[in-house]
Amino acid sequence: MATQDFYAVLGVTPDATDDEIKKAYRKLALATHPDRHPGDVEAEERFRMISEAYSVLSDPKKRAKYNMQRRMPEALDLSQPITVQGARDLLGSVIGDVFGRQRKQRRRGRDIRYTLTVSLPEAALGCEHTIEFEANGACSTCDGTGTKPGGKPPVTCPLCKGKGEVKGEGFLSRWTRCGRCAGTGMIQIDPCDKCRGRGSRRERRAFHIKVPPGTEPGSEKVVEGQGEPGKFGGPPGHLKVTINTRKHDWLERRGHDIHCEIPVSVLDATTGASITVPTLRGSVSVKLPAGITSGTKLRLRGQGVPRTQGPPGDQFVVVNIETPKLAKLSTTQRERVQTVLGEFDTLTREVPEISPKVAKLRDFLAE
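Going by my numbering, the first residue of the sequence shown is number 409, and it counts up by one from there.
Calculated from the structure, these hints are not laboratory results. Computed from a predicted model, the values in this text were never measured in an experiment. For glycine and all other residues, C-beta sits at the position ideal for the given N, C-alpha and C. Certain hints may be false.
[To be verified] No farther apart than 27 Å at their CA atoms in a straight line, the calculated lysine-lysine pairs in the DSS-like style are these:
(1) 431 - 556
(2) 733 - 705
(3) 435 - 473
(4) 655 - 430
(5) 618 - 435
(6) 618 - 569
(7) 431 - 470
(8) 569 - 431
(9) 575 - 470
(10) 602 - 556
(11) 618 - 575
(12) 602 - 435
(13) 618 - 430
(14) 469 - 435
(15) 602 - 655
(16) 695 - 705
(17) 431 - 618
(18) 575 - 469
(19) 435 - 560
(20) 648 - 431
(21) 602 - 431
(22) 556 - 575
(23) 575 - 602
(24) 430 - 469
(25) 575 - 473
(26) 629 - 430
[Stated by the list, open to error] Simulated restraints on C-beta separations:
(27) 744 - 664: 15 to 23 Å
(28) 630 - 690: 51 to 59 Å
(29) 702 - 628: 14 to 22 Å
(30) 694 - 738: 32 to 40 Å
(31) 664 - 537: 19 to 27 Å
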(Lines of atoms letter the chains of each structure in order from A and count residues from 1; the text may use other names and numbers.)
(Lines give C-alpha, C1' and ligand atoms only; values in the text may rest on other atoms or scores of the structure.)
Protein backbone atom coordinates (compact mmCIF):
# COMPACT_ATOMS: atom_id res chain seq x y z
CA MET A 1 0.00 0.00 0.00
CA ALA A 2 1.21 3.49 -0.85
CA THR A 3 1.70 5.83 2.08
CA GLN A 4 1.67 9.59 2.37
CA ASP A 5 4.96 11.42 1.97
CA PHE A 6 5.38 12.80 5.50
CA TYR A 7 7.88 15.42 4.36
CA ALA A 8 5.34 16.77 1.85
CA VAL A 9 2.61 16.70 4.48
CA LEU A 10 4.67 19.01 6.71
CA GLY A 11 5.88 21.07 3.75
CA VAL A 12 9.60 20.45 4.32
CA THR A 13 12.38 18.87 2.29
CA PRO A 14 13.76 15.40 3.12
CA ASP A 15 16.97 16.96 4.48
CA ALA A 16 15.11 19.28 6.90
CA THR A 17 16.54 19.59 10.41
CA ASP A 18 14.68 18.64 13.56
CA ASP A 19 14.03 22.29 14.33
CA GLU A 20 12.61 22.92 10.85
CA ILE A 21 10.32 19.90 11.19
CA LYS A 22 9.13 21.04 14.61
CA LYS A 23 8.54 24.59 13.41
CA ALA A 24 6.59 23.41 10.38
CA TYR A 25 4.49 21.08 12.52
CA ARG A 26 3.57 23.77 15.04
CA LYS A 27 2.55 26.19 12.31
CA LEU A 28 0.39 23.68 10.45
CA ALA A 29 -1.11 22.13 13.60
CA LEU A 30 -2.23 25.52 14.89
CA ALA A 31 -3.68 26.46 11.51
CA THR A 32 -5.65 23.22 11.08
CA HIS A 33 -6.65 22.50 14.68
CA PRO A 34 -10.29 21.26 14.82
CA ASP A 35 -11.15 23.82 17.51
CA ARG A 36 -10.49 26.56 14.96
CA HIS A 37 -12.55 24.85 12.27
CA PRO A 38 -15.61 23.24 13.94
CA GLY A 39 -17.38 20.88 11.58
CA ASP A 40 -14.67 21.11 8.90
CA VAL A 41 -13.95 17.49 7.95
CA GLU A 42 -11.09 18.46 5.63
CA ALA A 43 -9.33 20.40 8.41
CA GLU A 44 -9.71 17.45 10.80
CA GLU A 45 -8.18 15.07 8.25
CA ARG A 46 -5.26 17.44 7.59
CA PHE A 47 -4.67 17.81 11.34
CA ARG A 48 -4.60 14.01 11.68
CA MET A 49 -2.12 13.62 8.81
CA ILE A 50 0.11 16.39 10.16
CA SER A 51 0.20 14.79 13.61
CA GLU A 52 0.97 11.38 12.11
CA ALA A 53 3.80 12.80 10.01
CA TYR A 54 5.34 14.63 12.96
CA SER A 55 5.14 11.57 15.21
CA VAL A 56 7.36 9.71 12.71
CA LEU A 57 9.77 12.44 11.61
CA SER A 58 10.37 13.76 15.14
CA ASP A 59 11.62 10.36 16.32
CA PRO A 60 15.15 9.62 14.98
CA LYS A 61 14.62 5.84 14.82
CA LYS A 62 11.23 6.09 13.17
CA ARG A 63 12.52 8.68 10.74
CA ALA A 64 15.50 6.53 9.73
CA LYS A 65 13.22 3.53 9.14
CA TYR A 66 10.78 5.68 7.21
CA ASN A 67 13.56 7.08 5.00
CA MET A 68 14.52 3.54 4.03
CA GLN A 69 10.94 2.52 3.28
CA ARG A 70 10.13 5.57 1.16
CA ARG A 71 13.00 4.73 -1.19
CA MET A 72 11.71 1.19 -1.82
CA PRO A 73 9.42 0.69 -4.84
CA GLU A 74 5.89 -0.45 -4.11
CA ALA A 75 4.81 -3.96 -4.95
CA LEU A 76 2.20 -4.43 -7.68
CA ASP A 77 -0.72 -6.84 -7.18
CA LEU A 78 -0.58 -8.76 -10.47
CA SER A 79 -3.43 -11.05 -9.46
CA GLN A 80 -5.96 -8.31 -10.18
CA PRO A 81 -6.82 -7.24 -13.76
CA ILE A 82 -5.87 -3.71 -14.77
CA THR A 83 -8.96 -1.55 -15.34
CA VAL A 84 -9.13 1.82 -17.04
CA GLN A 85 -9.34 3.55 -13.68
CA GLY A 86 -6.47 1.40 -12.41
CA ALA A 87 -4.38 2.48 -15.38
CA ARG A 88 -5.22 6.13 -14.66
CA ASP A 89 -4.23 5.70 -11.01
CA LEU A 90 -0.96 4.02 -11.96
CA LEU A 91 -0.07 6.77 -14.42
CA GLY A 92 -0.98 9.42 -11.86
CA SER A 93 1.15 7.79 -9.18
CA VAL A 94 4.19 7.83 -11.45
CA ILE A 95 4.04 11.16 -13.29
CA GLY A 96 1.16 12.98 -11.62
CA ASP A 97 -2.03 14.27 -13.21
CA VAL A 98 -1.14 15.03 -16.82
CA PHE A 99 -4.40 16.80 -17.59
CA GLY A 100 -4.53 18.93 -14.46
CA ARG A 101 -7.84 17.57 -13.15
CA GLN A 102 -6.59 17.10 -9.59
CA ARG A 103 -5.25 20.62 -9.33
CA LYS A 104 -8.49 22.08 -10.63
CA GLN A 105 -10.44 20.07 -8.06
CA ARG A 106 -8.20 21.32 -5.24
CA ARG A 107 -8.83 24.95 -6.17
CA ARG A 108 -12.61 24.59 -6.54
CA GLY A 109 -14.68 25.51 -3.50
CA ARG A 110 -16.44 22.77 -1.58
CA ASP A 111 -20.17 22.14 -1.93
CA ILE A 112 -22.58 23.04 0.88
CA ARG A 113 -25.39 20.63 1.74
CA TYR A 114 -28.65 21.54 3.45
CA THR A 115 -31.92 19.69 4.13
CA LEU A 116 -35.11 21.72 3.69
CA THR A 117 -38.27 20.24 5.20
CA VAL A 118 -41.55 21.39 3.65
CA SER A 119 -45.18 20.31 3.91
CA LEU A 120 -46.77 17.88 1.44
CA PRO A 121 -48.81 20.63 -0.31
CA GLU A 122 -45.69 22.81 -0.62
CA ALA A 123 -43.67 20.00 -2.23
CA ALA A 124 -46.53 19.06 -4.55
CA LEU A 125 -47.64 22.54 -5.61
CA GLY A 126 -44.30 24.36 -5.36
CA CYS A 127 -43.15 27.00 -2.89
CA GLU A 128 -40.39 29.44 -2.01
CA HIS A 129 -38.34 29.50 1.21
CA THR A 130 -35.51 31.57 2.63
CA ILE A 131 -33.01 29.38 4.48
CA GLU A 132 -30.30 30.62 6.86
CA PHE A 133 -27.40 28.70 8.39
CA GLU A 134 -23.72 28.96 9.32
CA ALA A 135 -21.42 28.23 6.39
CA ASN A 136 -18.15 29.32 4.83
CA GLY A 137 -18.54 32.24 2.45
CA ALA A 138 -16.22 34.63 0.65
CA CYS A 139 -14.36 36.83 3.13
CA SER A 140 -15.79 40.34 2.95
CA THR A 141 -12.44 41.90 3.93
CA CYS A 142 -10.40 40.47 1.05
CA ASP A 143 -13.31 39.64 -1.31
CA GLY A 144 -12.34 35.97 -1.21
CA THR A 145 -8.79 36.44 -2.49
CA GLY A 146 -7.09 35.54 0.79
CA THR A 147 -4.75 38.51 0.40
CA LYS A 148 -5.08 41.46 2.75
CA PRO A 149 -6.09 44.74 1.08
CA GLY A 150 -3.02 46.37 -0.47
CA GLY A 151 -0.85 43.30 0.18
CA LYS A 152 1.36 41.38 -2.20
CA PRO A 153 -0.34 38.77 -4.42
CA PRO A 154 0.25 35.04 -3.83
CA VAL A 155 3.30 33.36 -5.37
CA THR A 156 4.04 29.88 -6.64
CA CYS A 157 4.93 27.40 -3.92
CA PRO A 158 8.71 26.82 -3.97
CA LEU A 159 8.40 23.25 -2.65
CA CYS A 160 5.98 21.77 -5.19
CA LYS A 161 6.68 24.34 -7.94
CA GLY A 162 2.97 25.10 -8.26
CA LYS A 163 1.87 21.49 -8.77
CA GLY A 164 0.21 21.22 -5.37
CA GLU A 165 1.75 17.77 -4.94
CA VAL A 166 5.16 16.37 -4.09
CA LYS A 167 6.32 12.95 -5.26
CA GLY A 168 8.37 10.82 -2.92
CA GLU A 169 11.52 8.94 -3.86
CA GLY A 170 11.30 5.66 -5.74
CA PHE A 171 9.76 4.81 -9.13
CA LEU A 172 6.29 3.99 -7.81
CA SER A 173 6.22 6.45 -4.94
CA ARG A 174 2.93 8.14 -4.26
CA TRP A 175 2.16 11.76 -4.99
CA THR A 176 1.25 13.58 -1.77
CA ARG A 177 -0.48 16.90 -1.36
CA CYS A 178 2.04 19.61 -0.57
CA GLY A 179 1.85 20.66 3.05
CA ARG A 180 3.44 24.05 2.53
CA CYS A 181 0.70 25.32 0.19
CA ALA A 182 -2.07 22.92 1.32
CA GLY A 183 -2.22 21.50 -2.20
CA THR A 184 -3.10 24.78 -3.93
CA GLY A 185 0.28 25.37 -5.58
CA MET A 186 0.27 28.95 -4.29
CA ILE A 187 1.41 30.65 -1.08
CA GLN A 188 0.00 33.83 0.38
CA ILE A 189 2.73 36.43 1.01
CA ASP A 190 0.39 38.85 2.82
CA PRO A 191 -2.54 36.76 4.07
CA CYS A 192 -5.76 38.47 5.10
CA ASP A 193 -5.96 39.02 8.86
CA LYS A 194 -9.64 38.08 9.05
CA CYS A 195 -9.63 34.80 7.12
CA ARG A 196 -5.92 33.92 7.63
CA GLY A 197 -5.37 33.69 3.89
CA ARG A 198 -8.10 31.11 3.26
CA GLY A 199 -10.33 33.53 1.37
CA SER A 200 -13.40 32.33 3.25
CA ARG A 201 -14.98 32.93 6.63
CA ARG A 202 -17.67 31.06 8.50
CA GLU A 203 -20.70 33.28 8.95
CA ARG A 204 -24.47 33.22 8.78
CA ARG A 205 -25.66 33.06 5.18
CA ALA A 206 -29.14 33.35 3.69
CA PHE A 207 -30.42 31.81 0.43
CA HIS A 208 -33.74 32.06 -1.42
CA ILE A 209 -34.84 28.60 -2.56
CA LYS A 210 -37.59 27.87 -5.11
CA VAL A 211 -39.16 24.41 -4.87
CA PRO A 212 -40.81 23.56 -8.22
CA PRO A 213 -44.27 21.91 -8.39
CA GLY A 214 -44.28 18.13 -8.28
CA THR A 215 -41.05 17.86 -6.27
CA GLU A 216 -40.49 14.31 -5.04
CA PRO A 217 -39.45 13.73 -1.40
CA GLY A 218 -35.68 13.25 -1.19
CA SER A 219 -34.97 15.10 -4.44
CA GLU A 220 -32.00 17.46 -4.60
CA LYS A 221 -31.98 21.03 -5.87
CA VAL A 222 -28.60 22.45 -6.89
CA VAL A 223 -27.94 26.18 -6.68
CA GLU A 224 -24.78 26.63 -8.71
CA GLY A 225 -22.00 28.87 -7.46
CA GLN A 226 -23.43 29.33 -3.95
CA GLY A 227 -21.12 26.91 -2.14
CA GLU A 228 -17.80 27.71 -0.51
CA PRO A 229 -15.52 30.03 -2.52
CA GLY A 230 -12.63 28.61 -4.52
CA LYS A 231 -9.00 29.27 -3.74
CA PHE A 232 -6.75 31.52 -5.80
CA GLY A 233 -9.46 32.37 -8.30
CA GLY A 234 -10.91 28.88 -8.50
CA PRO A 235 -14.65 28.42 -9.11
CA PRO A 236 -16.95 28.26 -6.08
CA GLY A 237 -18.78 25.15 -5.02
CA HIS A 238 -22.52 24.61 -5.21
CA LEU A 239 -25.34 24.68 -2.67
CA LYS A 240 -27.12 21.31 -2.72
CA VAL A 241 -30.50 21.34 -0.99
CA THR A 242 -32.27 18.04 -0.24
CA ILE A 243 -36.06 18.41 -0.08
CA ASN A 244 -37.69 16.52 2.79
CA THR A 245 -41.49 16.30 3.12
CA ARG A 246 -43.37 16.26 6.42
CA LYS A 247 -46.04 13.60 6.88
CA HIS A 248 -49.57 14.96 6.39
CA ASP A 249 -52.34 14.20 8.91
CA TRP A 250 -54.78 13.06 6.21
CA LEU A 251 -53.16 13.01 2.78
CA GLU A 252 -50.72 10.49 1.32
CA ARG A 253 -48.90 10.88 -1.97
CA ARG A 254 -48.58 7.96 -4.39
CA GLY A 255 -46.90 9.14 -7.54
CA HIS A 256 -49.06 11.97 -8.91
CA ASP A 257 -52.18 10.81 -7.06
CA ILE A 258 -53.30 11.67 -3.53
CA HIS A 259 -55.04 9.19 -1.24
CA CYS A 260 -56.93 9.77 2.00
CA GLU A 261 -59.43 8.08 4.33
CA ILE A 262 -62.35 10.11 5.70
CA PRO A 263 -64.50 9.05 8.68
CA VAL A 264 -68.25 9.38 8.05
CA SER A 265 -71.10 8.97 10.53
CA VAL A 266 -73.84 6.38 9.98
CA LEU A 267 -76.41 9.15 9.54
CA ASP A 268 -74.36 11.02 6.90
CA ALA A 269 -73.68 7.80 5.00
CA THR A 270 -77.36 6.84 5.07
CA THR A 271 -78.83 10.20 4.09
CA GLY A 272 -76.09 11.14 1.63
CA ALA A 273 -74.88 14.31 3.33
CA SER A 274 -72.16 16.68 2.13
CA ILE A 275 -68.80 16.23 3.88
CA THR A 276 -65.65 18.35 3.93
CA VAL A 277 -62.54 16.70 2.46
CA PRO A 278 -58.97 18.11 2.76
CA THR A 279 -56.96 18.40 -0.47
CA LEU A 280 -53.61 19.84 -1.50
CA ARG A 281 -55.34 23.06 -2.50
CA GLY A 282 -57.59 23.42 0.54
CA SER A 283 -60.85 21.87 1.74
CA VAL A 284 -63.63 20.95 -0.69
CA SER A 285 -67.22 19.83 -0.15
CA VAL A 286 -68.13 16.35 -1.43
CA LYS A 287 -71.71 15.07 -1.76
CA LEU A 288 -72.00 11.46 -0.62
CA PRO A 289 -74.37 9.11 -2.47
CA ALA A 290 -77.22 8.13 -0.13
CA GLY A 291 -76.64 4.71 1.39
CA ILE A 292 -72.91 4.64 0.65
CA THR A 293 -71.09 1.69 2.21
CA SER A 294 -67.86 1.71 4.19
CA GLY A 295 -64.77 1.28 2.04
CA THR A 296 -66.24 2.99 -1.03
CA LYS A 297 -63.62 4.97 -2.96
CA LEU A 298 -64.52 8.35 -4.43
CA ARG A 299 -62.46 10.07 -7.11
CA LEU A 300 -61.75 13.80 -7.19
CA ARG A 301 -60.37 14.57 -10.63
CA GLY A 302 -57.53 17.08 -10.91
CA GLN A 303 -56.94 17.32 -7.15
CA GLY A 304 -53.62 15.44 -7.28
CA VAL A 305 -50.01 16.48 -7.91
CA PRO A 306 -49.27 18.65 -10.98
CA ARG A 307 -47.34 17.10 -13.87
CA THR A 308 -44.70 18.78 -16.01
CA GLN A 309 -46.85 17.93 -19.02
CA GLY A 310 -50.51 17.01 -19.02
CA PRO A 311 -53.25 17.29 -16.38
CA PRO A 312 -52.52 16.82 -12.67
CA GLY A 313 -53.20 13.58 -10.86
CA ASP A 314 -56.40 12.75 -8.99
CA GLN A 315 -57.33 12.37 -5.34
CA PHE A 316 -59.00 9.19 -4.10
CA VAL A 317 -61.15 9.35 -0.98
CA VAL A 318 -61.97 6.17 0.94
CA VAL A 319 -65.13 6.45 3.05
CA ASN A 320 -64.97 4.81 6.48
CA ILE A 321 -68.33 4.67 8.27
CA GLU A 322 -67.77 5.13 12.00
CA THR A 323 -69.94 3.00 14.29
CA PRO A 324 -70.52 4.24 17.85
CA LYS A 325 -68.62 2.55 20.67
CA LEU A 326 -70.86 2.08 23.70
CA ALA A 327 -68.18 0.95 26.17
CA LYS A 328 -67.18 4.51 27.13
CA LEU A 329 -70.74 5.82 27.55
CA SER A 330 -72.65 6.09 30.79
CA THR A 331 -75.60 3.78 31.45
CA THR A 332 -78.12 6.47 30.57
CA GLN A 333 -76.28 7.40 27.36
CA ARG A 334 -75.93 3.75 26.38
CA GLU A 335 -79.65 3.14 26.81
CA ARG A 336 -80.53 6.17 24.70
CA VAL A 337 -78.17 5.10 21.92
CA GLN A 338 -79.55 1.57 21.97
CA THR A 339 -83.10 2.88 21.73
CA VAL A 340 -82.28 5.14 18.81
CA LEU A 341 -80.32 2.41 17.02
CA GLY A 342 -83.19 -0.03 17.61
CA GLU A 343 -85.61 2.33 15.96
CA PHE A 344 -83.11 2.97 13.15
CA ASP A 345 -82.71 -0.79 12.59
CA THR A 346 -86.46 -1.31 12.45
CA LEU A 347 -86.84 1.41 9.85
CA THR A 348 -83.98 0.16 7.69
CA ARG A 349 -85.49 -3.33 7.54
CA GLU A 350 -88.47 -1.81 5.77
CA VAL A 351 -86.31 -0.27 3.05
CA PRO A 352 -86.87 -2.25 -0.20
CA GLU A 353 -83.16 -2.59 -0.89
CA ILE A 354 -82.50 -4.02 2.58
CA SER A 355 -85.54 -6.07 3.61
CA PRO A 356 -85.10 -8.81 0.94
CA LYS A 357 -81.50 -9.32 1.97
CA VAL A 358 -82.38 -9.50 5.66
CA ALA A 359 -85.22 -11.96 4.99
CA LYS A 360 -82.97 -14.15 2.86
CA LEU A 361 -80.36 -14.26 5.61
CA ARG A 362 -82.99 -15.19 8.23
CA ASP A 363 -84.27 -18.01 6.01
CA PHE A 364 -80.74 -19.34 5.57
CA LEU A 365 -80.03 -19.31 9.32
CA ALA A 366 -83.37 -21.00 10.08
CA GLU A 367 -82.53 -24.02 7.93
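Given hint residue 473 paired with residue 575 - CA-CA distance at most 27 Å: Holds: residue 575 and residue 473 sit about 19 Å apart, inside 27 Å.
Hinted pair residue 556 and residue 575, Cα distance within 27 Å: violated (32 Å)
Residue 602 paired with residue 435 [C-alpha distance capped at 27 Å]: The given pair, whose Cα atoms are some 17 Å apart, holds under the 27 Å limit.
Pair hint residue 602 and residue 655, alpha-carbon separation not exceeding 27 Å: violated (44 Å)
27 Å Cα cutoff - pair residue 695, residue 705: holds (13 Å)
CB-CB spacing for residue 664 and residue 744 relative to the 15 to 23 Å hint: Hint violated: Cβ distance 47 Å, outside 15 to 23 Å.
Restraint status (C-alpha distance of residue 575 to residue 469 at most 27 Å): Holds. Residue 575 to residue 469 sits at ~23 Å (cutoff 27 Å).
27 Å limit on alpha-carbon distance, applied to hinted pair residue 469 and residue 435: Judged against 27 Å, a Cα distance of about 24 Å means the pair holds.
Satisfaction of hint between residue 575 and residue 618, Cα-Cα up to 27 Å: Violated. Residue 618 to residue 575 sits at ~46 Å, over the 27 Å cutoff.
Whether the CB-CB distance between residue 694 and residue 738 falls inside 32 to 40 Å: Holds, at about 34 Å.
27 Å Cα cutoff - pair residue 575, residue 602: Answer violated: residue 575 to residue 602 is near 33 Å, above 27 Å.
Straight-line alpha-carbon gap residue 618 to residue 435, limit 27 Å: Answer violated: residue 618 to residue 435 is near 44 Å, above 27 Å.
Hint compliance for this structure: hints 4, 5, 6, 11, 13, 15, 17, 20, 22, 23, 26, 27, 28, 29 are broken, all remaining hints hold.
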